[in-house]
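2 protein chains.
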Amino acid sequence: MITFKEAYKKVVSHRLDLGSEMVPLINSHGRVLASSIVADRDFPPFNRATKDGIAINYSALESGSTRLKIEGVASAGMYQQQLKSSTTCLEVMTGAVVPLGTDTVIMYEHLTIKDGWANIEKEVTKGQNIHYKGSDETQGAVLLQQGKRIGSADIGVMASVGAAMVSVKALPTVCAIATGNELVAVENIPEPHQIRKSNSITLQVALSKLGIAATALHLKDDKKAIEEGLQKALQENDVLLLSGGVSKGKFDFIPEVMDALGVEKVFHRVAQRPGKPFWFGVHRTYKTVIFSFPGNPVSTFANYHLYFLPWLHTSLEIPVETKFVSLVSPLTIQAPLTRFIQVETYWENARLCAKPVTENGSGDLTSLAKADGFICLEPREASYEVGEVVKFVATR
Amino acid sequence: MITFKEAYKKVVSHRLDLGSEMVPLINSHGRVLASSIVADRDFPPFNRATKDGIAINYSALESGSTRLKIEGVASAGMYQQQLKSSTTCLEVMTGAVVPLGTDTVIMYEHLTIKDGWANIEKEVTKGQNIHYKGSDETQGAVLLQQGKRIGSADIGVMASVGAAMVSVKALPTVCAIATGNELVAVENIPEPHQIRKSNSITLQVALSKLGIAATALHLKDDKKAIEEGLQKALQENDVLLLSGGVSKGKFDFIPEVMDALGVEKVFHRVAQRPGKPFWFGVHRTYKTVIFSFPGNPVSTFANYHLYFLPWLHTSLEIPVETKFVSLVSPLTIQAPLTRFIQVETYWENARLCAKPVTENGSGDLTSLAKADGFICLEPREASYEVGEVVKFVATR
Numbered sequence: 001m002i003t004f005k006e007a008y009k010k011v012v013s014h015r016l017d018l019g020s021e022m023v024p025l026i027n028s029h030g031r032v033l034a035s036s037i038v039a040d041r042d043f044p045p046f047n048r049a050t051k052d053g054i055a056i057n058y059s060a061l062e063s064g065s066t067r068l069k070i071e072g073v074a075s076a077g078m079y080q081q082q083l084k085s086s087t088t089c090l091e092v093m094t095g096a097v098v099p100l101g102t103d104t105v106i107m108y109e110h111l112t113i114k115d116g117w118a119n120i121e122k123e124v125t126k127g128q129n130i131h132y133k134g135s136d137e138t139q140g141a142v143l144l145q146q147g148k149r150i151g152s153a154d155i156g157v158m159a160s161v162g163a164a165m166v167s168v169k170a171l172p173t174v175c176a177i178a179t180g181n182e183l184v185a186v187e188n189i190p191e192p193h194q195i196r197k198s199n200s201i202t203l204q205v206a207l208s209k210l211g212i213a214a215t216a217l218h219l220k221d222d223k224k225a226i227e228e229g230l231q232k233a234l235q236e237n238d239v240l241l242l243s244g245g246v247s248k249g250k251f252d253f254i255p256e257v258m259d260a261l262g263v264e265k266v267f268h269r270v271a272q273r274p275g276k277p278f279w280f281g282v283h284r285t286y287k288t289v290i291f292s293f294p295g296n297p298v299s300t301f302a303n304y305h306l307y308f309l310p311w312l313h314t315s316l317e318i319p320v321e322t323k324f325v326s327l328v329s330p331l332t333i334q335a336p337l338t339r340f341i342q343v344e345t346y347w348e349n350a351r352l353c354a355k356p357v358t359e360n361g362s363g364d365l366t367s368l369a370k371a372d373g374f375i376c377l378e379p380r381e382a383s384y385e386v387g388e389v390v391k392f393v394a395t396r
Numbered sequence: 397m398i399t400f401k402e403a404y405k406k407v408v409s410h411r412l413d414l415g416s417e418m419v420p421l422i423n424s425h426g427r428v429l430a431s432s433i434v435a436d437r438d439f440p441p442f443n444r445a446t447k448d449g450i451a452i453n454y455s456a457l458e459s460g461s462t463r464l465k466i467e468g469v470a471s472a473g474m475y476q477q478q479l480k481s482s483t484t485c486l487e488v489m490t491g492a493v494v495p496l497g498t499d500t501v502i503m504y505e506h507l508t509i510k511d512g513w514a515n516i517e518k519e520v521t522k523g524q525n526i527h528y529k530g531s532d533e534t535q536g537a538v539l540l541q542q543g544k545r546i547g548s549a550d551i552g553v554m555a556s557v558g559a560a561m562v563s564v565k566a567l568p569t570v571c572a573i574a575t576g577n578e579l580v581a582v583e584n585i586p587e588p589h590q591i592r593k594s595n596s597i598t599l600q601v602a603l604s605k606l607g608i609a610a611t612a613l614h615l616k617d618d619k620k621a622i623e624e625g626l627q628k629a630l631q632e633n634d635v636l637l638l639s640g641g642v643s644k645g646k647f648d649f650i651p652e653v654m655d656a657l658g659v660e661k662v663f664h665r666v667a668q669r670p671g672k673p674f675w676f677g678v679h680r681t682y683k684t685v686i687f688s689f690p691g692n693p694v695s696t697f698a699n700y701h702l703y704f705l706p707w708l709h710t711s712l713e714i715p716v717e718t719k720f721v722s723l724v725s726p727l728t729i730q731a732p733l734t735r736f737i738q739v740e741t742y743w744e745n746a747r748l749c750a751k752p753v754t755e756n757g758s759g760d761l762t763s764l765a766k767a768d769g770f771i772c773l774e775p776r777e778a779s780y781e782v783g784e785v786v787k788f789v790a791t792r
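Residue numbers (my numbering), protein chains in the order written: chain A, 1 to 396; chain B, 397 to 792.
For reference, chain A alone in the conformation it holds in the complex:
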C-alpha cells in the first residue's frame, strides 16, 4: 500500500501527449489552445470614435471658433470620410472611423445643433473620445497564449481576429466501465438483490462537462467476458475508468485479466479513505491508461476528482488549480490514512468556509449530492482546528 502523495505522483507522471485538433470556434469553450492567437491587425484597427457627436480638427477651436458648419455624417461601417475644411466638422457615430483631417470628437451632450451648425458648449480636450488604432494591441501581438483554457471572453477575441476554426489540444477517448452482476440499467426495475448502474453515467456526465464524449460499457463478473471486453476497450481508448472489481472478492477478476492483457500494474491500494482499493496501470503497447476505482459511488467519485482530473490537466499541460477552505469544525485524522471528507462550502466575506456533510460511509451515494467537494486531510497527531486552512477539491 502506498501513500496518497506517492500514488498521485505516479498517476500524473503517466501523462499522455494527445496532440491537437481543429474545432469550430463556437465549440471551443473550455478547450486548451494548442497555438497562440495573434492579432491579425491593430486593435482597434483604426482610430475609432467612442461617442456619437461631431469630429473636428482641434485647430478650429484654437483659432477661436466654437460654431462649426456640419459637412456630413461619418457612421460606423463607412469608409473613412474626409473633412474638407479645418473650420467645419462631420457628424460621427460611435464605432466609425475618425475622419481624415479630424483629431477630436465632441459628444452630442456637449453640443447644440441647429440649421446644420454645431455649437460647442463645453470645454474640449484635443484628441478626446478617440480609441486610437493599435492602442489595445498592435498587429502581430499575442492575444491569447498557447496553453490557455478558453473562456467565453476569449471567444470574442478569437472572433475578432477571424479564428473561425481553432487549434486546441485533443482530448482523450475514454470508456467508463461498470463491473458487477448486481447492476441493471437505469431504465430497468431492479430485483431485490440488484441495484441500478450509477457510477458509469455519473462519470460520463462529469466527462461531458469537459467536452469528452465517453462511451460506457458494462462487464459482468465472468472472466471471459471481462477479457474480451477489456481487450477491445484497451485498443480503442486512451483512458479506461473502471468502477468495481478490484477488491479481494472471488469475482474481482480485473487485476489478473489486466495482467494477462499486457497492462502493467503501477500500483494497487492507497492509504486513503475513501478510495483505498484503487488500482492504476498502463498498457505497455497501446499506452492506454487505466484508472480502476473501487465500486462504491463515493470512492469512484472521489478518485475521479483526486486522480483523473489532475492527470487530465497534466496531459493537457494546464495547471492543476489548488483551492483552499477554512474549517468551521475541528477534525481528528488518525494514521495511516489520508482522509477526504465531504463538505458543503459557503462564503464568509472573501473566505470560503467548509462544513462536513452527514454521511454514512463510502456506499452512501446520497451524501455526495449534499457536498460541494472534499477536503484533504493528512493524518497527524494534533486535531485540525476551527479556522485552519486546508486543501479543497471541488466536485460541482
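Hints in this document: simulated from the structure, not taken from any laboratory.
Values in this document were obtained by computation on a predicted structure and should not be read as measured data.
A hint or two may mislead.
Derived pair list, reagent style DSS-like, types lysine-lysine, alpha-carbon separation capped at 27 Å [as the list claims (entries may be wrong)]:
1. Lys391/A <-> Lys787/B
2. Lys248/A <-> Lys232/A
3. Lys644/B <-> Lys122/A
4. Lys510/B <-> Lys223/A
5. Lys10/A <-> Lys355/A
Assemble chain B onto chain A, guided by the hints.
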C-alpha cells in the same frame, strides 16, 4: 438615468415563468429540477456486505466456535442466499445481499481459509461490515429537492432511483442580435473600416454553457430591416440580447423601433461604467424580455453577467450566488457611477484576492480575456482600501 441597484431590481422583477420539460438524465447536468427526486426503495435496498470475506451468525462465536465450515458463496447480483446451519458460514462478496441467517461479515484479511473451512483470527463485532437496508435513506424520502441545480453527483442519485428522464425547468429561447453596418462575419476579411462580429458569438457560447442554444441575428443600420428582424425575433423568443444601437447616434434606431413594435421601455441608461447606455424593455403581448446592451464588447460582457444571469436565476427560482473578494490595491470611485472593474483573482489561503487587470476602456476586448470577473464598487468619498472585501461577479 437610474442607479445600478434600481436597474437590477427592475430587471429581476420581470422574471418569466418558463414551465418545465422532460430531458434524458445524461443531458440534465446544470439544469434545475422541476420535481423532487424520491427514493423508490430503501438506500441501500438490502443489507449489503461491505467487505469480501464470510458471513456468519454471530451466535456461532458466542458458543465458542472460531472455525466454521464454508457452505457456499453469496456474490453481488445473486438472490439472497440462506445459511443452512448457525455453525457454518457462507463466503460473501462486497455488494452482495447478506445471507438469511447471518448477521455479521468478516473480511478475508482477518481469516485463513483451508480445505473449505474458515479460521477466524481477529476479534469480531456483532453486525460488522454490513451497510444496513435503509440506513442512508428510506423509501419515499426526498433525495433531491425540486429547485436544485443538477451537479454530477446528483446524476448518480437519479440513476439509482431509475430517473432515466428528468423533469427540469425549461430554459428561455434566446436570440443574440448584433447591430451595425461595420460588422462582418468571423470568417470574412474585414475592410479597413470594418470589424468582425464578436459580441453575438461570445453571448452564444456563454449561453451554451447554460444549456441554451441561442440563435444569432445581424441587423444592419436600416430602420426597415431592423423593424422586420425585431418583429420576427420578438415573436419567436423569450429573450432578446442585443448589442449596439442604443446610444445617441443617428442610426441608433433600436429604441424607437422597439416602441413602434409594442415593446415597453422599462429603462434606458444606468449610472454605471462600463455599460451605461443599457436599454431594457418588455413586449406587452408576447412577454419577450429585451436586454439591449451597448455595443462595446466590455459593456456587453459586463451587462450579460450583471443583469441577464441574475434575471435567468430569478426566472429559474435558484439563488443568485454572491461572491466576495479581498482587494490587493486601493481604488477610488467618484460619484455618480457604480464601477465594475475587471480583475484577476487568486487564492491566498482560503481567501480569494482580486487584482485589477490593465485595460484600455470599454472597447478593449483583449482586456476581458485577462480577467476572471468584475468587482462591483459603489461610488463613495473614501477610497477602497487594501484588504477590503467587495462584491465579485465571476465571468469564467
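Of the hints given before, which are not true for this structure? Hint 5 is the one this structure does not satisfy, whereas the remaining hints hold.
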